[in-house]
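Please put together the full structure from these sequences, using the hints given.
So the sequence lines, in the order shown, correspond to chains A and B.
Per this note's numbering, the first sequence starts with residue 1, numbered consecutively.
Per this note's numbering, the second sequence starts with residue 162, numbered consecutively.
Everything labelled a hint here was simulated from the structure, so no lab data went into it.
For clarity, every value in this text was computed on a predicted model and none was experimentally measured.
Glycine is no exception: its CB is placed at the ideal position from the N, C-alpha and C atoms.
Heads up, a few of these hints could be off.
Said to hold, decoys possible - Sample of chain A residues at the chain B side, in silico, Cβ under 10 Å:
(1) Leu49
(2) Pro56
(3) Ala156
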Amino acid sequence: MTDFLIKIEQMGFCQWIRESDSVFAYSGVLLLHTIGMGFVVGINACIDLRILGFAPALRLSALEKFSSVLWLGFWVNTVTGVILLAIHATSKLANPDFYIKMVFIALAIVNLQMIKKQVFRDPLVDKAPLSAKVKLLAVTSLFFWLGAIISGRLLAYVGPK
Amino acid sequence: MNAVQVHLLVNHFPTVAFSIGLLLFFVAIAAKNDYLKRTSLVIFFLTAALTIATYVSGNEAQTLVRDTPGVSTAAIGQHETAALLAFSFMQATGFFSWLGLWMWRRASRVTNWNLAVVLVLAIVAFALMARAANIGGEIRHSEISAAADETGDGEAAESALRSWGDYVEAHTWVWPTAESLHFVGLCMLFGVVLAVDLRMLGMGKSLSFASLYQLLPLGMLGFTINLITGMMFFVATPQQYTGFLFFLKMMLVILGAINVLYFMLVDEPWTVGEGDDAPARTKLVAASAIVIWIAVAFCGHMLPFLGNSF
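Below you can see the structure in the form of structure tokens.
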């Protein structure tokens with residue numbers, strides 16, 4: 001397994017990403033990962049806070065239109081995330097914090113699907129008050145994304161180098 | 162033009178603009194004129210934004226003048242500490258001025274509690290700024306100085322800021338915590354910028370501008386978190402934040418402040434109801450907001466790669 005990971009790290013592409021000074025290499029990939037985060041978490045936070053009662057004039061059903069932006073960010077971060085993992089495959093996969101981050105993201109995405117089902121698929125969403133259950137989903141969503149941000153940032157600080 | 166010249170050029174701006182704003186604010190309150198009150202709030206907000214550039218330009222200036230004969234390093238230390246205090250009150254004034262403008266546009270009146278808060282903050286900020294400017298003058302104009310030959314005070318004042326740097330260095334949790342919060346603020350700001358501005362560009366057209374306007378304080382809160390955490394980085398390791406890229410980031414932040422005022426002061430975006438297409442000018446301003454904030458993220462992110470940060 002380790003041999004395989006080392007092979008990935010030593011691929012020409014991975015070496016170039018890791019070592020080149022070009023803005024399209026490491027720094028650029030990381031920048032896209034940061035901006036993608038802004039898209040995913042930013043739109044998700046707007047939806048969650050709206051569920052919790054912030055910006056009451058904003059029609060919740062129409063907010064779903066922005067989920068394409070959210071998913072754009074998500075896929076940008078999947079691609080850039082795979083690259084960032086590949087270039088440091090041995091150390092990142094040996095880092096417990098990496099798995100914590102993945103769990104947070106998985107939970108946040110499942111949470112988003114539940115919000116989609118219970119909020120956006122509800123024909124009465126803009127007419128009736130939102131249930132406590134839905135509000136709890138908004139709180140857990142914010143919590144999971146916060147966890148993903150913090151554990152992601154800490155990947156630069158903790159674990160094997 | 163070097164950093165000293167830039168600092169000397171922009172350093173009078175906060176004091177002059179702020180005194181105009183304060184004077185106008187007094188007149189507006191005395192005359193009970195809502196239009197003048199709002200004008201003062203706009204001046205406070207924009208001055209606060211410009212003061213960010215003034216404050217950070219001082220850092221680079223001091224690295225150039227430090228060793229010049231006739232320059233008092235004691236006065237530099239005092240000036241830096243006094244400036245940070247004045248800066249903080251100025252930013253608080255800017256924040257509440259913005260909030261006042263936001264509430265006014267929403268409820269078409271300026272609330273009294275907000276005006277009271279802005280008034281108190283603005284007076285304190287002005288006094289602190291005059292003090293910082295006065296000490297700043299003593300750095301070179303020793304003829305106006307009473308404190309020029311006191312050396313101990315300045316070093317004590319300087320170490321007040323440096324001790325924060327020492328604290329950050331000694332406590333490894335501070336930097337990643339502030340970075341995580343900086344990311345949280347970024348997400349809040351991006352979320353609001355994307356929702357409001359992409360709507361103006363045609364996405365999610367069933368939302369009216371007026372309903373999206375309610376999101377703006379969330380973006381402002383995100384910006385405020387980033388201003389505070391950004392200052393935590395800056396004060397801890399000012400030597401990292403010099404050079405063109407950082408300067409560009411600060412200029413873009415000022416453009417971002419002007420950009421959001423368009424949506425608060427100009428009537429055009431407010432004509433965009435449910436299902437309406439936004440006018441071309443509003444679309445242009447909306448598109449520029451997205452470009453500005455992505456560029457801000459670019460400049461900040463690239464500091465360790467293209468700039469002077471480590």
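Outcome of the hint check:
{"no.": "1", "hint": "Leu49", "result": "holds (6 Å)"}
{"no.": "2", "hint": "Pro56", "result": "holds (7 Å)"}
{"no.": "3", "hint": "Ala156", "result": "holds (8 Å)"}
Checked against the numbered hints given earlier, this structure breaks none of them.
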